[in-house]
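Mind docking chain C on chain G? Use the hints.
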Amino acid sequence: MATATLNPTATSIPGRFGAYGGRYVPETLMAALLELDEAYADADADPAFHAELDELLHHYCGRPTALYYAKRLSETLGGAKIYLKREDLLHTGAHKINNALGQGLLARRMGKKRIIAETGAGQHGVATATVCALLGLECVIYMGEEDMRRQELNVYRMRLLGAEVRGVNGGSATLKDAINEAMRDWVTNVRETYYILGSALGSHPYPTMVRNFHRVISLESKQQILEQEGRLPDAIVACVGGGSNAIGAFYEYIPDANVQLIGVEAGGRGTALGEHAARFQKVGGGVPGVLQGTYSYVLQDDAGQVASTHSVSAGLDYASVGPEHAMLHDSGRATYVSCSDEDALKAVVTLSRTEGILPAIESAHAVAEAVRLAPLMGKDKIIMVNLSGRGDKDMGILARELDLKGASPITPKGSL
Amino acid sequence: MPINFANKPGIIAYLTAGDPSIAITREIALAAIDNGADVIELGVPFSDPLADGPVIQRASERAVAHGVRLSDVLALCKELREARPQCGIILFSYLNPVVRMGLKAFCKAAAEAGADGVLLTDMIVEEAAEYIAEMQANNLAPVFLAAPTSPDARLKAIAEASKGFVYAISRVGITGTQQTVNSDAPGLVARLRKFTEPLGIPVAVGFGISNAEHVKAVGGFADAAVIGSALVALIEKTAPEEAAKAVGEFIAGLRS
Chain G
1 MATATLNPTA TSIPGRFGAY GGRYVPETLM AALLELDEAY ADADADPAFH
51 AELDELLHHY CGRPTALYYA KRLSETLGGA KIYLKREDLL HTGAHKINNA
101 LGQGLLARRM GKKRIIAETG AGQHGVATAT VCALLGLECV IYMGEEDMRR
151 QELNVYRMRL LGAEVRGVNG GSATLKDAIN EAMRDWVTNV RETYYILGSA
201 LGSHPYPTMV RNFHRVISLE SKQQILEQEG RLPDAIVACV GGGSNAIGAF
251 YEYIPDANVQ LIGVEAGGRG TALGEHAARF QKVGGGVPGV LQGTYSYVLQ
301 DDAGQVASTH SVSAGLDYAS VGPEHAMLHD SGRATYVSCS DEDALKAVVT
351 LSRTEGILPA IESAHAVAEA VRLAPLMGKD KIIMVNLSGR GDKDMGILAR
401 ELDLKGASPI TPKGSL
Chain C
1 MPINFANKPG IIAYLTAGDP SIAITREIAL AAIDNGADVI ELGVPFSDPL
51 ADGPVIQRAS ERAVAHGVRL SDVLALCKEL REARPQCGII LFSYLNPVVR
101 MGLKAFCKAA AEAGADGVLL TDMIVEEAAE YIAEMQANNL APVFLAAPTS
151 PDARLKAIAE ASKGFVYAIS RVGITGTQQT VNSDAPGLVA RLRKFTEPLG
201 IPVAVGFGIS NAEHVKAVGG FADAAVIGSA LVALIEKTAP EEAAKAVGEF
251 IAGLRS
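Keeping their order, the protein sequence lines are chains G and C. Position one of the first sequence corresponds to residue 1 (UniProt numbering), numbered consecutively onward. Position one of the second sequence corresponds to residue 1 (UniProt numbering), numbered consecutively onward.
Next up, chain G with everything else stripped away, as it sits in the complex (with noise of 0.2 Å):
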């Protein structure tokens, strides 16, 4: 377990988990994250704003989202019972449009016209852009070429609805790169423009606020695991990305020790640095440090540059990691595990062919670990897999990479 180095007695300081997040950012944001902070606590405080924000999340959005007893997976399996937490149900197709509805409204509330957001599976972006054609909004959206590429759907769907995509083709010109490009978009045009941060990550409030719109989650699926098993689950298992999907998913249950918490990062192609996403892989894996203007795990040389990502889901491909995964992994109230690029992509095939859902390629990762798991378990035991998003956006990743010809016998690793 790495040791943080960075300012461990500034746990007073708001934003703080453990001794991870803050904000480190050019002095020129700071007045527009204190008007933030300030905004958000005042909306939060506010039933109205909630009462919007929830009339919508349900009338617009279909939440609560179901939460599924994937009766025939767990069978199969032969272990411990599978519940699918549809997230991917929501409109949009992810978990995103939660966040993005509730800053697009604080964001309306704050009379800010212009809104900007980085995307890297365009999930966000779609969201983003979903959310801004609903309340009037102008778009713009930075998406690394690479994931433009990769995810060629959702630049279409983008633009569809009105936003503007802007590539960027620097580093890996994947998410990172994106942020990078949205931080300076938003340094420039402060004063008029709300920056929609898609995941839990950057500086205070962004993983604080972005968690608490995601927390509905756990707050639903508690209460629906109550209804139907009449007991909490044993384990909860979400990918992690920035990790905003994850401690939505996990919020509730913190504090209930008996249910253990899954992370689910990308393992990529391999265990060396530049080919995974896996912030907390033991060796090869990331230390504490200081992106995107947070302090948290990043994949980094011993020189402290960046290092370059790789995982065949644009969504996970990234050097960080919410600052709140970062405490929770060193205090192991949540564990941390990865996933490979193939594993995940028998995932899909498998969700596909035992339940007919077709998962995201980053939600397969944590239905890859719940495959991988289940089967170890008793048959008493349960399992929630948070499915934070739908694959319809990987049809192109998923012809590419299983050549799947009519109904051919691809069968994934293990039982299935």
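By construction, these hints were calculated from the structure, which means they are not laboratory data. The C-beta atom is built at its ideal place from N, Cα and C for all residues, glycine as well. Just so you know, not all the hints are guaranteed correct.
[To be verified] Okay, the calculated bits of chain G under chain C, using three or more residues with CB under 8 Å as the criterion:
1. 18-24
2. 114-127
[Claimed, not checked] In the DMTMM-like style, the derived pairs of lysine to aspartate or glutamate whose C-alpha atoms are separated by at most 25 Å in a straight line are:
3. C:LYS194 / C:GLU126
4. C:LYS78 / G:GLU38
5. C:LYS156 / G:GLU38
[To be verified] Not the full set, but computed from the structure, chain G residues with beta-carbon under 7 Å of chain C:
6. GLU27
7. MET30
8. ALA31
9. ASN180
10. MET183
11. ARG184
12. VAL190
13. THR193
14. GLY289
15. MET327
16. SER331
Below, chain C alone, put in the same frame as chain G:
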């Protein structure tokens, strides 16, 4: 401490260390000093320079690509200090390379290399207690940024935390050249002066300062001008063996 703006306005020259190479950055820095630069800001190249415009991004990318490390920049600083004892030298870095080395180890190494001060782009005063303590322990000047968006209460805290000088950002935005000195700058410096003057701390203005006319304009309301992207762009377009001469002439021309 050799941070001194006796010539008004002082000239601070920013260089991305290691672009095109550490050896040539050394020649360029010496030429800049010998032609009138009062302070050299040695920029530590970083993979994710989110406060920088395209010119410094490209320079940083080139330096990172050929493996320039914070330790190389510290070694360069030491050579410059030995060669020109009277020139001010500031290390200019994003936080992560410094955190990777360790704050304590970095401050000690910077002092040993003869640096006068440090500017960390993504370090704000609220988070800086440990950093400031280490800087003080090593007799180094922490230089903080002040922005047109910073309200007076922040400017006060920035003035009180800074030593050597305060770096006033002339406009909202990232680094890069522009046609004229931004109209935000005089107002910011006037607000900042209320807090720096009682403490005797000079104010330098940077972002978008690229020629003699800009330097003269800045001299009308501040103590020093920072030239960054204009120099880095000049180095980018000049053959490496000509770069020191070109930069020397450019710096000499700024006060004419």
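Okay, the hints, checked on the actual structure:
Note: the region 18-24 of chain G has 3 residues with beta-carbon separation from chain C under 8 Å; the three-residue rule is met and the coverage holds. Only residues whose beta carbon comes within less than 8 Å of a beta carbon in chain C count, and the region 114-127 of chain G has 0; fewer than three means the coverage is violated. This hinted pair checks out: C:LYS194 and C:GLU126 have alpha carbons roughly 20 Å apart, not beyond 25 Å. For the given pair, C:LYS78 sits about 45 Å from G:GLU38 by alpha-carbon distance, which is inconsistent with the 25 Å threshold.
Between C:LYS156 and G:GLU38, the direct Cα distance comes to roughly 21 Å. Compliance with the 25 Å bound is thereby established for this hinted pair. The criterion of a C-beta within 7 Å of any C-beta in chain C is met by G:GLU27, whose closest approach is roughly 4 Å, and the hint holds. Interface restraint check: G:MET30 against chain C, minimum CB-CB distance 6 Å, threshold 7 Å, status holds. Annotation: interface hint on G:ALA31 holds; nearest CB of chain C at approximately 4 Å, less than 7 Å.
Evaluation of the G:ASN180 hint against chain C yields a held restraint, the C-beta minimum of about 5 Å falling below 7 Å. Among the interface hints, the one on G:MET183 holds; its C-beta lies about 5 Å from the nearest C-beta in chain C, closer than the 7 Å criterion. A hinted interface residue such as G:ARG184 counts as satisfied when its beta carbon comes closer than 7 Å to some beta carbon of chain C; here the least separation is about 5 Å, so the hint holds. Annotation: G:VAL190 was flagged as interfacial toward chain C, and the flag holds, the nearest CB pair being 5 Å apart, inside 7 Å.
At about 10 Å, the closest approach between the beta carbon of G:THR193 and any beta carbon in chain C exceeds 7 Å, and the interface hint on this residue is violated. Evaluation of the G:GLY289 hint against chain C yields a held restraint, the C-beta minimum of about 5 Å falling below 7 Å. For G:MET327, the suggested interface contact is broken, since its CB lies about 17 Å from the closest CB of chain C, more than 7 Å. Violation of the interface hint for G:SER331 is found here, the shortest Cβ-Cβ separation to chain C being roughly 21 Å, above the 7 Å cut-off.
Going down the numbered hints, you'll see the structure goes against 2, 4, 13, 15, 16, while the others check out.
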